[in-house]
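Per this note's numbering, the sequence shown starts with residue 1, numbered consecutively.
Simulated from the structure, these hints should not be mistaken for lab results.
This structure is a prediction, so every number in the text was calculated from the model and none was measured.
Any given hint could turn out to be false.
[Said to hold, decoys possible] Computed cross-link-like contacts, BS3-like style, restricted to lysine-lysine with a CA-CA straight-line distance of at most 30 angstroms:
(1) LYS99 x LYS80
(2) LYS80 x LYS150
(3) LYS437 x LYS388
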Amino acid sequence: MLDCTLVIAGSAGEGIQTIGDVLADALSAHGYAVFTWQEYESRIRGGQNTYTIRVRQDPCNAPTWEADILLCLNQGAYEKAAGRLKDGGILLAEEPYDKAAMVVPFKAMAQERLGRVIYANTIAAGALAGVLGMERDALEEVLGREFAAKGLEVVEANRQAARLGYDAADAACRDACPWSFPKRSGSHYLVTGNEALPMGAVRAGCRFIAAYPMTPSTGVITFLAKRSEELGIFCEQAEDEIGAINMALGASFAGARAMTTTSGGGFALMVEGISLSGMTEVPVVIVLAQRPGPATGLPTRTAQGDLLFAVHAGHGEFPKAVLAPADPKDAFHKMVRAFNLADRFQIPVIVLSDQFLADSRFTITDFEMDRSRPESFLADPESLTIYKRYALTDDGVSPRLVPGMSHHLVTADSDEHDEWGHITEDLAETVPAMMAKRLRKAQHLCRAMKPPEAYRVEDAREVFCSWGATRGAVLEAVDRLRKEAVPVGILHWTELWPLAPVTFPQGARLWTVENNATAQLASLLGQGLGLRIDRHILRSDGLPLTARYIRRAYHERA
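The task is simple: from the sequences and hints, build the whole structure.
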């Protein structure tokens, strides 16, 4: 079965993302299932970055590390990435860094034939397409879309550059590639998490987003800002994260479904606002795109280090929900669910993404958009003779109205308050009654949460417990271990707090598989379900988990 990994290595500013995106789009247009992920340093120019493309006939949305084909744009890129090339793999390079390299002088060709070295990356994309034996027309069609906004002259120059690279590779590398990539039938979408999350927000009826740019979350607001007039969404770049969450709360109080996005340090600034949401019972959705910390940490790398922070964010005791989508399709539907849960229970809902999910491109065959729909939980003002914003109810959820839409007075108060929303310090009755009211929502919220997804657990003697965007790698690892006769299965969580009840296979050993250093899911399962899990496969170096990493770690620890 076809399973080919291409790695493009170069410095920031050399256009490796353009090469990768163009080639991935062309392969997808050829009918292949493509998965891409990026490893890039936190700088505008310089450093050494990689763009990895995995190509299969059937979707496998999981990263790989080893390269079948390695393209290096400079000496430093070769020195960094050469260790990733498999034995017998193909090395395509600007210069003969290695005696086995197939040399295509991208930069010299760009300068001599097109008069500008800027076209070197498109020549490199054409060269890779030539090595793969792709149809040139498909590549040129993608280039037309990629550069259409820059005019026909730029489009034609890039097409010419791609043809130069294609022909040069055909001459230098003919018959070197063991695979062929003829056009196949089939339709796929290539989507990142930072595209799917805002699409899900639109589906949920979101009409307001405020955020302060912070990698890797920024793509969510930029996606919406580019389309704000078309979609009818108000997008505000706030002065900081404190302003962003308070703007979102204000918009939500006024009746708009509202959200904000951030990453680790920005989320720290939002914590008081999350507590404000808990006290005022104003719904809000927060997308937290994780990256390694503490402090600035590694801004452009991936991690799952903020799970416990999200669960416990906010001073005082109040209910909240924490979700963690597994891939872009799940991210789309989880955003709709996040807004529905926030409105239904009048709580903050935190959606945990990470740099891997945010920036990677996944092949999705069908979003099944009709599976998720926005639900309305506003009360009918005509049915209320007397309106108490914080009325004591059996489930803790008080009737919610929007100010200005009826004659009723709608209040919100960050101080402890009575049923009307007026400040109170009645410690004997009102204060404990209001605390109990809010906490009753947590009981009903818990019943609404979904259990983990189970895979091959029926006969499993080993069970991997995982969460969020690691699912693809864990699924692939389990399938590989099963081929080695290891009876392993998966329980994968995408709804993490509060934890729904779950039945674990009798007699199975439990492991957690996480992109962090401290096994935070294990701690959470211990807190919420009373489990003790002391076997872990952890990765905390800023790189995503791969099936090979998980398999090796299992054999080392089993």
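So which of those numbered hints doesn't the model satisfy? Of the numbered hints given earlier, the structure breaks just one, which is hint 2.
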